[in-house]
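A.B. asks: Sequence:
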Amino acid sequence: MNAPRQEKNRISRTVIDRIAVQLNGLESTANTMGGSIMETILLLREENERKAEARRVDEEKHRSEERAEAKAEAEERRHRDKMEMEERARRDREEARARTQELLLLIGALTKKD
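Under the working numbering, the first residue of the sequence shown carries the number 1, and numbering increases by one thereafter.
Treat the hints with caution; some may be incorrect.
[Stated by the list, open to error] In silico lysine-lysine, PhoX-like type, Cα no more than 25 Å apart, as pairs: (1) K51 with K61; (2) K71 with K82; (3) K51 with K8; (4) K61 with K71; (5) K8 with K71; (6) K82 with K8.
[Unchecked claim] Have a look at the derived ranges for each label pair, beta carbon to beta carbon: (7) R97 with K71: 12 to 22 Å; (8) M38 with E66: 40 to 50 Å; (9) E102 with A74: 34 to 44 Å.
Hints were generated in silico from the structure; no laboratory data involved.
These figures come from a predicted structure and were not determined experimentally.
Note that beta-carbon positions come from the ideal geometry of N, C-alpha and C, so glycine has one too.
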């Protein structure tokens with residue numbers, strides 16, 4: 001379970017690094033073009049929005065994986081409980097069958113004495 005998280009962290013770091021490089025490129029382009037402060041602010045805002053969206057996607061993916069994991073665990077518990085109930089029922093039937101046989105033997109022994 002740690003490996004997927006590490007992989008996601010690595011991917012997130014890679015995305016953040018790429019975004020930082022893009023941002024640096026955009027800033028230098030804005031500066032060389034004599035762009036206004038407003039343009040730079042808009043670019044930064046767009047970049048922040050992209051980062052926030054990437055975080056939201058990552059968080060949603062993480063929540064989805066946790067839900068799937070919880071669902072699988074619940075299914076495993078249900079399956080295990082069902083198997084235990086079936087085993088208990090089988091043992092109860094066997095014990096009842098054995099008691100019935102004992103009673104039949106006792107009844108047979110009592111009827112032969114008469």
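A.B. asks: Tell me the numbers of any earlier hints that the structure contravenes, in ascending order.
C.D. replies: 6 and 7
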